[in-house]
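Which chain is which? The protein sequence lines are A and B, in order.
With my numbering applied, the first sequence covers 1 to 68.
With my numbering applied, the second sequence covers 1001 to 1259.
It should be emphasised that the hints constitute simulated quantities derived from the structure, not laboratory data.
Just so you have them, the derived chain B footprint on chain A, three or more residues with Cβ under 8 Å:
1. 12–26
2. 35–44
The list that follows gives simulated cross-link-like pairs (lysine-lysine, BS3-like), each with its CA atoms no further than 27 Å apart:
3. Lys9/A to Lys1134/B
4. Lys1068/B to Lys1134/B
5. Lys30/A to Lys1134/B
A partial selection of chain A residues facing chain B, derived with a Cβ cut-off under 8 Å:
6. Lys30
7. Val31
8. Tyr32
Note that beta-carbon positions come from the ideal geometry of N, C-alpha and C, so glycine has one too.
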Amino acid sequence: MIYEVFARKSRGEPLKHIGNLNAPDVELAKVYAFNTYDEERWFDMYVAPREALAEVFTEDRGEPVEAG
Amino acid sequence: MTDATELGADAEAAVRDLILVLADTKRLLGYRYAEWMLGAPELETGIACSSMAQDEWGHARLLYALMKGFDEDPEALEHAREPAEYRSMEVLDASAGTWPEAVALMALADVAVTTQFEALRSSSYDPIRQRVEKVVEEERFHAAHGAAWFQRLAEGTDASRSALRDAVSDLLPPVLAWFGPDSERAGVLEEAGVAIETGSALRSAFLERVSDRLARVGVEPEDPFFDGFDEARRRGPGGPDEETIRRIRGDRNRAFLMD
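The task is simple: from the sequences and hints, build the whole structure.
Shown next, in the form of structure tokens:
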């Protein structure tokens, strides 16, 4: 299952999406996130299964992106 | 207290032994984690193993540095000892051959070491007490990683469960023995206020922590035997294999230090 990883540098700052990872369950997802995204000093960090993110809207119409 | 001599001769010797046991065990454990940076079942767990290896080596460094308080040279301890002089936990002598064996190490041996550290949280010997919290805090994620993988293998296939059960039954007796007997030496550590618990009390604390996972693979703990057990090394005779020690001492390329 793919988990999306969110973190912020300081209290009050908005959560930022910082990446994703593969994990079979939320416990391992937490450990993997902690170990994988450790280059920066975070204030807090969260994981959420990708499928838990509900799309509100997207500008993406699935059209091919022009090269250039 | 900050000066080891204030502990009195018996306690001073016991604390010195304990620190060296923990330092060597952390060093070997780090090496065993490092062996799974490549070849673990998924990329993410390889990254976790690499990170845990760094933690364990960091803890070992910190502990070797404490040996200065006992007039020992950390440099000599880290680079000039033979395998039989190491005091690392017996189950770390050889590499884990399979992933279930590695998981048993993580879920039992690493937890046993942390259980020992927690008994030093309110230690009367300041240099230990001041370092315990950092170690215990970093170990939270090691414990979570070990527990999650243990559960995954235990609930996986018949093959993964039985491989894990075999690994656990091999590993458990020496890990239980590692806490040592309720000896005079152990009593000295408690009386001096260095450790809040030793021997069988620590063993019980550890068993309480891992009882669920032992039950999950159907392994019953048994009272340890202490035949041939060397209390100063917290293990039986022998030590890690030569090649492991050569690698952790960094023999092959020490000449390039050029200090």
